[in-house]
Amino acid sequence: MGKVRNPVGFKIVRVDPETGTVTDFAVNRGGQNGPASLLKSGGLERPVAVRFARDGASLYVVDFGVLTMDEKGSHPVRGTGCVWRIVRR
Amino acid sequence: MNRGAVVTLLFLTLAGCGTARRSEPLVGPAPLDAEQVRGERVFMEFCHQCHPGGDAGLALAINNKPLPGAAIKLQVRKGVGQMPAFAEDVIPDEALDPLVSYMAAIRKNR
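Chains A and B supply the protein sequences, listed in that same order. Per our numbering, the first sequence starts with residue 1, numbered consecutively. Per our numbering, the second sequence starts with residue 1001, numbered consecutively.
There's no promise every hint is true.
[As the list claims (entries may be wrong)] Where chain A lies over chain B, by a calculated footprint (3+ residues, C-beta under 8 Å):
| hint | region |
| --- | --- |
| 1 | 1021 to 1029 |
| 2 | 1042 to 1054 |
| 3 | 1096 to 1109 |
Bear in mind the hints are in silico, worked out from the structure with no lab data behind them. Even glycine gets a Cβ: it sits at the ideal position worked out from N, Cα and C.
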């Protein structure tokens, strides 16, 4: 165990604490889930934190950016992180 | 097995495959009836951890594999490979039909 068959995470979900239901909120497009660097697309890479604006009109998402792992450890890529701002259409 | 049977089997296999993603931002929320809402809760408690939203994760995707309900129930009860078995004291018999119904609903929502 510990090896996934498909990338897990790399998205933002809503959780209903009363029912335990987890629903995707923001994901990258495509036939497969995963970070933008894997999918060769723009979009979420590694979202790690979210916070609503004080007026509740925006959701800010901290995206760590590209972080690969191998037997030698973690390898973050400088300059690939960002902060997303999500607003209702 | 003759060529016609092989082609038919291959066609049916491929017809049930394709992407397993059913993310709400991509396909919209799945319309669920009351039974399927109950099934969703069962799925979230016991299945979602390995089959996130029916997609592949720690385990294989299930949204793109149109197994009949009886086969799903058997797999839940007996397990298969690394998938554990869920006994009746964990997932009661009366929860299996709603679970199967929910899985069918999200599979069709594409």
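- Message: So is the region 1042 to 1054 of chain B in contact with chain A by the C-beta rule, three or more residues under 8 Å, or is the coverage claim wrong?
- Response: Holds, because 5 residues of the region 1042 to 1054 of chain B bring their Cβ atoms closer than 8 Å to Cβ atoms of chain A.
- Query: For the region 1096 to 1109 of chain B, do three or more residues have a beta carbon lying closer than 8 Å to a beta carbon of chain A?
  - Reply: violated (count 0)
- Item | Outcome, coverage of the region 1021 to 1029 of chain B by chain A - at least 3 residues whose beta-carbon is closer than 8 Å to one in that chain | holds (count 6)
Of the hints listed earlier, the one the structure fails to meet is number 3.
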